[in-house]
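If you read the sequences in order, they're chains V and W. With the working numbering applied, the first sequence corresponds to residues 1 to 152, in that order. With the working numbering applied, the second sequence corresponds to residues 1 to 384, in that order.
Check before you lean on any hint, since a few could be wrong.
[Said to hold, decoys possible] Some chain W residues flagged as far from chain V (calculated, every beta-carbon gap over 10 Å):
{"id": "1", "residue": "E9"}
{"id": "2", "residue": "S66"}
{"id": "3", "residue": "P117"}
{"id": "4", "residue": "R132"}
{"id": "5", "residue": "N149"}
{"id": "6", "residue": "A152"}
{"id": "7", "residue": "V172"}
{"id": "8", "residue": "R181"}
{"id": "9", "residue": "G185"}
{"id": "10", "residue": "R218"}
{"id": "11", "residue": "L224"}
{"id": "12", "residue": "H327"}
{"id": "13", "residue": "V365"}
{"id": "14", "residue": "V370"}
{"id": "15", "residue": "A384"}
[What the hints assert, rightly or not] Label-pair restraints from in silico Cβ distances:
{"id": "16", "chain 1": "W", "residue 1": "E166", "chain 2": "V", "residue 2": "L117", "range": "53 to 63 Å"}
{"id": "17", "chain 1": "V", "residue 1": "Q80", "chain 2": "W", "residue 2": "S79", "range": "23 to 33 Å"}
{"id": "18", "chain 1": "V", "residue 1": "Q40", "chain 2": "W", "residue 2": "R215", "range": "31 to 41 Å"}
{"id": "19", "chain 1": "W", "residue 1": "E160", "chain 2": "V", "residue 2": "S26", "range": "18 to 28 Å"}
{"id": "20", "chain 1": "V", "residue 1": "K89", "chain 2": "W", "residue 2": "E148", "range": "50 to 60 Å"}
{"id": "21", "chain 1": "V", "residue 1": "S26", "chain 2": "W", "residue 2": "P179", "range": "14 to 24 Å"}
{"id": "22", "chain 1": "W", "residue 1": "L147", "chain 2": "V", "residue 2": "L117", "range": "24 to 34 Å"}
{"id": "23", "chain 1": "W", "residue 1": "R154", "chain 2": "V", "residue 2": "Q40", "range": "38 to 48 Å"}
{"id": "24", "chain 1": "V", "residue 1": "R100", "chain 2": "W", "residue 2": "P179", "range": "11 to 21 Å"}
{"id": "25", "chain 1": "W", "residue 1": "M183", "chain 2": "V", "residue 2": "R100", "range": "15 to 25 Å"}
[To be verified] Okay, the calculated bits of chain V under chain W, using three or more residues with CB under 8 Å as the criterion:
{"id": "26", "stretch": "30-44"}
{"id": "27", "stretch": "98-104"}
{"id": "28", "stretch": "117-124"}
Rather than coming from a laboratory, the hints here were simulated on the basis of the structure. As the structure is a prediction and not an experimental result, all values here were calculated from the model. Here a beta-carbon is modelled for each residue, glycine too, at the ideal position from N, C-alpha and C.
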Amino acid sequence: MSHRKTILLVEDNGDDVFFMKRAMKSAEIQNPIQVVTDGQEAIDYLEGNGKFSDRLEFPVPHVVLLDLKLPHREGHEVLQWARQQPSLKTLVIIILTTSRERSDIELAYQFGANAYLVKPPGAPQLVEMVKALKEFWLVQNEFAPVASVAKS
Amino acid sequence: MSGATANEERVLVRAPTGGDSLNAAALIERAGFKAEICESLLQMCDAAKGGVGALLVSEEALFGASLPGFMEMLKTQPSWSDVPIIVVTSGGETTQASLRAFNAFGPSGNIMLVERPFRAITLVSTLQVALRARRRQYQVRELMNNLENRVAERTARLEETVSELEAFSYSVSHDLRAPLRAMQGYSHFLMEDYGNRLDETGRDFLTRIINSGNRLDRLVQDILTYSRFTRGEIEIHPINLEKLVEEIVQHYPSLQPPQAEIKVQTPLVPVLGHDGSLTQCVSNLLSNAVKFMPPDRIPRIKVWTDNIGPEVRVWFHDNGIGIDPAHQNRIFKMFERAPHQATYDGTGIGLAIVHKAVERMGGKVGVDSVPGKGSKFWIQLPKA
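All chains, please: the whole structure from these sequences, using the hints.
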C-alpha cells in the first residue's frame, strides 16, 4: 500500500553504494532503494526478468540513478535500451557518474537522460547533492502518468 | 628511378610551317627521341598536360592570341617542374623577333636558343641536355612524393600515439579518483562518527588525511580538466563577455563583497571563443586573482577590454602579491608555480588550463606583474 516511490541505483562500486545510501539517510530520503551492480542487471531489473520478476519485492522504480562506467553493459547502453522500451520512455533516469567528459554528457542527453550529475569529491557535498535531488525529483517533480501505469 | 612515363620523355614540336615541323621531328626521332608535332601553341599546351620532356618551338610560333595561355601554362607548373624550352631562332643578326621571343620568357625562363641554320648534332645535343635536366626534375618529383608519403605516414602514427597517450592519461586520472574518493569518504565518516573517541592528536592526523585527500582530488580533477582541453573539437562562437564575467562572479561567493571587489569596466568588447573554455579561463584567472593576496588585504580586481587590431585583449588586474619577472614565463606551464606561492593553496595547473584553452580558441595569454604591486593577466581573442 505504501506509495513510496522506489529508487533504483545502478552502481558497481561498493564504496559508492555505501556513500550514496549514507547520503540518502542524511538527506532523510525514506524511499526504498534498490541496488544493481552492472548494466545487464539493470536491464533485467527494469524488464522484471528472473529474480526481479517479483514486483512486490522489486517494484518498478520511479527514479533510476545510473552510473556510466559499468561492467557488461555500459550506462549509455542501458539508457539507450530503456528509451526504446515503450513502458520506460518516460522513466526518470538520472546519470550519476565521475565523468565530466563532453562526449559522455552529450551522449547521455542524446539518449534521453533526464539529468546528468557528477559525483562530488566529498561526503558533505554528496549529501548536498542528494538533498537537492530529493527536493527536485521526489518533492517538486510530477512523474509522467505512464510511470504509474507501469507499476501494475 | 625517375618514374617518368613515355609521354614525359617526348619532345613537343611547334614550327610555323608543317614542313619545318616534319623535318625537326624526323631529326629528333632519328636521334632516338620521341617527337610529337603540335598544330598550334594551344594544342601544345594541351599536349603538355599529358606529359612532356621538352618543348621545341620556333620563334615565329611565339606570337598571337595563344601566347599568354602558353606562358600561363609554364608559370603554373608544379613546384618540381620547369620544362626545358628550345627556341629555334632565325639566326644571323639578332632580330626583333628573336629578342621578343627571348624576352617573353623573362629572366628566369628555362630556354635555350638554337640558331638557324643549325647542324643536326647541335639540336640533338641540346635536346640531350634538356631531357637530362628534365629527368632530374622527375627524380625530384619522386623524392617529393616519397617524402610527402613518409611525412603523412609518420604524422598519422604520431597522432595515434598522442591520442593513445591522452586516452591513457585520462583513464589513469579517472581510475585514480575512484579509490581516492573512497579514502576521502571513509576518513570523513571516521571523523563524523568516531571523531569524539579520538584525542586531539588523533583528530589532527585525521584532518591531515582529509586535507591531503582533498588536495590530491583537486590535482587529479585539474589534470582531467587539462586533458579535456587537449582533446576534442570545440566550436567557436561570438561570446558576450560582459554576461559571462557577471555570471561567474555571481556563481562564486569568494568573488563577491565583502570577500572581494570585482570592478568590470563596461562595455566589454564581445569576443570569438568557446563558451565552456572561456568560462573556465575567466573563472581560473579571477579565482587566482583573489587567491594570491597578502592575508590582510581585500582583493580588488579590475576587468576591462582593449581593442588590438582585429583582436580583443581582456585584462584582469589584481592588487595581489604579484609575480617575479623571472617566473612569469613558467607559470603557464603544467605544475609550475612561483616559489613563494607555496604558502597558497593550488595545484599549479590552473594557468596551464587557461593557456591550453586559450590556445585552442586561437588566442594568446600573458601577464604583466611587479612583485608586491599586483598582476595584470590578459587573454587575447579575435573580436566577435
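The hints, checked one at a time:
no.	hint	verdict
1	E9	holds, 55 Å
2	S66	holds, 58 Å
3	P117	holds, 78 Å
4	R132	holds, 58 Å
5	N149	holds, 32 Å
6	A152	holds, 27 Å
7	V172	holds, 13 Å
8	R181	violated, 7 Å
9	G185	violated, 5 Å
10	R218	violated, 8 Å
11	L224	violated, 7 Å
12	H327	holds, 29 Å
13	V365	holds, 22 Å
14	V370	holds, 36 Å
15	A384	holds, 23 Å
16	E166/W with L117/V: 53 to 63 Å	violated, 25 Å
17	Q80/V with S79/W: 23 to 33 Å	violated, 51 Å
18	Q40/V with R215/W: 31 to 41 Å	holds, 38 Å
19	E160/W with S26/V: 18 to 28 Å	violated, 47 Å
20	K89/V with E148/W: 50 to 60 Å	holds, 53 Å
21	S26/V with P179/W: 14 to 24 Å	holds, 23 Å
22	L147/W with L117/V: 24 to 34 Å	violated, 52 Å
23	R154/W with Q40/V: 38 to 48 Å	holds, 43 Å
24	R100/V with P179/W: 11 to 21 Å	holds, 18 Å
25	M183/W with R100/V: 15 to 25 Å	holds, 20 Å
26	30-44	violated (count 0)
27	98-104	holds (count 6)
28	117-124	holds (count 5)
Consistency with the previously given hints fails for numbers 8, 9, 10, 11, 16, 17, 19, 22, 26, ordered from lowest to highest.
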